[in-house]
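Can you make the complete structure from the sequences, with help from the hints?
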Amino acid sequence: MSENRNRITIAILALGGQGGGVLADWIQEVGRQEGWLAQGTSIAGVAQRTGSTVYYVELARPDASGRLPVMAQMPMPGDVDIVLASELMETGRALLRGFSTAERTTLIGSTHRIYAIGEKMAMGDGRGNGDKIIAAAHERSRRFIGFDMEAATDRSGSVISSIMFGALAGSGALPFPTETFRSVIEKSGIAVTSNFRGFAEGFDAAQKPVAKPVEIAHAVPVATTEKGRELEARVRAELPAAAQENALHGVARLMDYQSGDYAALYIDRLVSLARMDAQPFDLTAEAARHVALWMSYEDTVRVADLKTRAARVERVRDEVKAQDDQVLSVTEFMHPRMQEICEMLPAGLARKLLRSGVAKAFFARFFNTGRHVETTSLRWFLMLRMVARMQALRPRSLRYLEEQERIEGWLSLVHEAVGNGDRALALELVRCQRLIKGYGDTFERGLRNYSAIIALHTSRRQTAAEVRNLRDLALSDETCNALDKAIAAAG
Amino acid sequence: MAERSFAHEVKKLTAGEGEVFTGEGILAVTKALLQSGVAYVGGYQGSPISHLMDVFADASEMLEELGVHFEASASEATAAAMLAASVNYPLRGAVAWKSVVGTNVASDALSNVASGGVTGGALIIVGEDYGEGSSIMQERTHAFAMKSQMWLVDPRPNLPSIVEAVEQSFRLSEASNTPVMLQLRIRSCHMSGSFVAKDNVRPALTVGEAAAAPQRETDRIVLPPANFKHEIEKIEKRWPAGVAYVRDHKLNEWFGPKQVESGIGVIVQGGMYNNLNRALEAAGLADAYGACDLPVYCLNVTYPLVPEEVSEFCKDKKAVLIVEEGQPEFIEHELNTLIQRAGLATRIVGKDILPRTGDYTAQVLREGLAKFLGQFAPHLGREVVPIVPLEKDVAGEIPARPAGLCTGCPERPVFTAMKLVERELGPTHVSADIGCHLFSILPPFNLGNTTMGYGLGAAGASAFKPKAEEGKRAIAVMGDGGFWHNGLTSGIGNAVFNKDDTLTVIIDNGYSAATGGQDILSSRADNKRRVTRNPISKAVQGVGGKWVREISRTYNIPLMRDTIREAMTTREKGPKVIVAQSECMLNRQRREKKQKAAMLKAGKRVVRERFGVDADTCTGDHSCVRLSGCPSLTIKSNPDPLRQDPVAHVENSCVGCGVCGEVSHAAVLCPSFFRATIVANPTRLERFKAKLSKAVIARFQAAGEQRRLARAF
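Heads up: the protein sequence lines correspond to chains A and B, in order. Count the first sequence with full-length UniProt numbering and you get residues 1 to 491, in order. Count the second sequence with full-length UniProt numbering and you get residues 1 to 713, in order.
Mixed in with the good hints there might be a few duds.
Stated by the list, open to error - Within a straight-line C-alpha distance of at most 25 Å, the following computed BS3-like cross-link-like pairs (lysine-lysine) qualify: (1) A:Lys-187 to B:Lys-593; (2) A:Lys-187 to B:Lys-594; (3) B:Lys-636 to A:Lys-132; (4) A:Lys-321 to B:Lys-691; (5) B:Lys-594 to A:Lys-321; (6) B:Lys-315 to B:Lys-371; (7) B:Lys-689 to A:Lys-321; (8) A:Lys-321 to B:Lys-604; (9) A:Lys-212 to B:Lys-636; (10) A:Lys-321 to B:Lys-694; (11) B:Lys-419 to A:Lys-485; (12) A:Lys-132 to B:Lys-392; (13) A:Lys-187 to B:Lys-11; (14) A:Lys-321 to B:Lys-596; (15) B:Lys-593 to A:Lys-321; (16) A:Lys-321 to B:Lys-636.
Derived by calculation from the structure, the hints in this document are not laboratory data. Computed from a prediction, not measured in an experiment: that's the story for all the values here.
So, in structure tokens, the structure goes:
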């Protein structure tokens, strides 16, 4: 069936709002200008509301005796010449549906991701593995043209449909001159200049090897102070190589968070663990990550500090694409509660306040509703700066004491496991830190789940697999039912 | 204002004799109606037929000039009842809707018009929402044609055939005094192609002229004894007349040789013909132009069948494959009866080889055909090239993409608030309706137990009546579209009358948004051809509703949450109604985008808002996503070298509706959200104030930076 030189079949897989319909129209117009018959089909409707949909285009020529072709309304697996997909997982869907085949198909797919709701709402990391899709795309196409179409769209200030149109022209998969493609854009008369830019961007990308979106690279931090160099030397001397990169990030983070001494405490904690660890030292490496994250727990001081840094406002300006002559103001949605404010105070005072009904009722009046905090206004900026300066008091605060106690308890369980020669269990316990994150209700839920797992482990020692399973359950269900059931069954 | 404007395309509708018309299927149907001298048109929007209604709305002026009356009907029942105009008068009329749901709604009127019969050609265009991309239950319109004895036309899916079918349908209707249904499958509605146009024809009689000279024929009315006469007339007069017209005008078609050695053949629904040909082509039994090696009988009219054509085709054949999509297999049953009556021994093969359910794609037909050939003509055709399925571990990485609410949708905060109340009061029974709000059933909201039909949200909750101390109030959701379609009477009126104690949340976003943004009675837009601005709350109060709250800004989540809580806990008995009013964001954007661009260009002050997330304070729990599901609120790799879970991230498509910020407030989530307000062309005072605070802030920031550098790594 692939021998029919009088027919070209094209499937476009796109998400709602990406202009798949416009692209399908453009392609048909190119065909018609070149004297081919063109038919396109699509399904509008719910697909445009975040769903994915297939547009199908057939180009065909009458035969020598003038007979008109019978055109299909849907791509037939194994019978598609060109597949265009506007996103990596849609590229994957083209493979899943058998549209792209090694014998025949030119597959033009974006390598960027638009995450599906199921991936976004996971309590941890629910993202699908894109590398597998790219590997399969190579295997299941005659030619795979893959690049980050979103980045191309941004660069050209255009829309993704014009990028795909350009890539199609650049691929040479259609027997039509580039000028015809361009004339179609011109004739449509809509956003011609920016569509031309997008077209050129896509055309060029089609000539290059497959490229994935650029990921952020994390350079190992370089010490800039005396104290920094001293701690770096300790990390290099006392910790195994496998753990050093994470540990240096950890040291830098904790110095920024609190002080050099606090970072030194961090190294002490790691060193005592490293002594009991062995090759390949993945326990120490992972501990370097999780101890640093726990020690730099999120509190009101930290948030106030991060929100008022100079670099932050610049970052926002950049992100929202505000131009230099435009006035930008930033409003935060903060909801500090009585609990979180008291925790910042020295432990004695905080405990007294939290116990006293009168004081609690008085202060609660100020903290039981969310605040719209305009950080770009002087009043709120100064207020937040003041809170950030409480950083000096942090080591005496109630929260600090509580967190250090929890960290010590956690590490002693880790030590015990290593001492028993069960490094796998120790590693799983270390990773339980991942449960404790966020603020307010989220923090309380995480801490509750963590405490429940630790309580079970304390009363009845769990295996590595059991701990991992409990942690996965905690991250699978916001209502905590799954975890509670498992704990009840185990206890 | 509809989602898509056809103002440009409707100009094509003026194309005259011999001009080549290129466009969408639905536009071609419109053109065919005008070429047929239609006098009146009505219908109700819904995929895949919405665009037909939009085309008519955009073509209103042209229709008026031609003397054609167009009405956006209140429901499919209204549209079907409109066909009454063709009963006494030689007026050609057409109505359109989404089927099978619309046909269900219309069936009362359809039965009546089919019973009495018509004088003028009456055409019902049904957009058959079956198979891939469908949003409704999988049923067939065919059953309605059979039970009411209306004819069902299912043309081959190419524009010339479809246009021809429209014109023939009117003649068929008039020749047999019977309404005709034209079935358009979903992909045919949204299919582009070309055909050669004819001149538009003014109706021989307009509806105005008919009304000016009323005629009456009481035996056309379904009342005893006329109704018994109708039954006889249908069987003895109209059916034979219909069959004769189909036969004499060769509405069905034949392809390939009359007979092959192996004694097989294929009968196919017109709408399935192209897929069949592609399957035959893949089997090496046809070429790309429809020349095939097997006898093919193509039913462009799937009801009624023409017995003499069937027996002529089947005689001397061992086995005939019937390609009939959907279930039950009505045509297959009837073919078997006709074969029996004709005394033939032909084996009719259908659902025993082809799948009983699902789309008959070319691939499915290819496989079915291979089985058929294997059984009855093993020497014919190539072997099927098997498709190697994608490896399971790769396939498992590809996520499902359920439909969801758009960025900035005003319905989102309603469901967020319901989620928050659910946390306090526990889960409730939620009766959902039809509309975008139906997406509440899907992640992340997972709210909604049943949906019984358009406008039936409140009715679907009517069995749940908590006694004083036991149980919980149920919540019903209804859209403004459903409310005016029938929900006012079937839901609200019923709840008042029966002293229901439920909460009904009516989503009043100003349009029939799910079907493409058409205006309705309560639309806030001024529409010079329609009457709008009729408040829903007034209608509710008009039928006796007492506890009615209007929330004019749905994005106010605390107010929404508190109002829902109050409705669920108040001592007041009787139905509670919350009218949640904010404009559909898709429509609003379309409206405002141009205005803002013009203001920017003119150097006027324009305020833009959007939201963002600070990656360094976000810890990657994604509670915010679970309470929102906004397409603009997504995730990205954590920029922190130590953290592994992706962080929340707001994309540039954000329209600044504010739900994510309000959610993090109301649910005490996290301080990572911020609202950026960007003022283009600011006033002098604004610029001065910004400069001043920036200068002071910069000094403090510099001092803080120094302290941090001193203690830094």
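**Request:** Could you work out which earlier hints the structure fails to respect and list their numbers in ascending sequence?
**Result:** Hint check: nothing fails, all pass.
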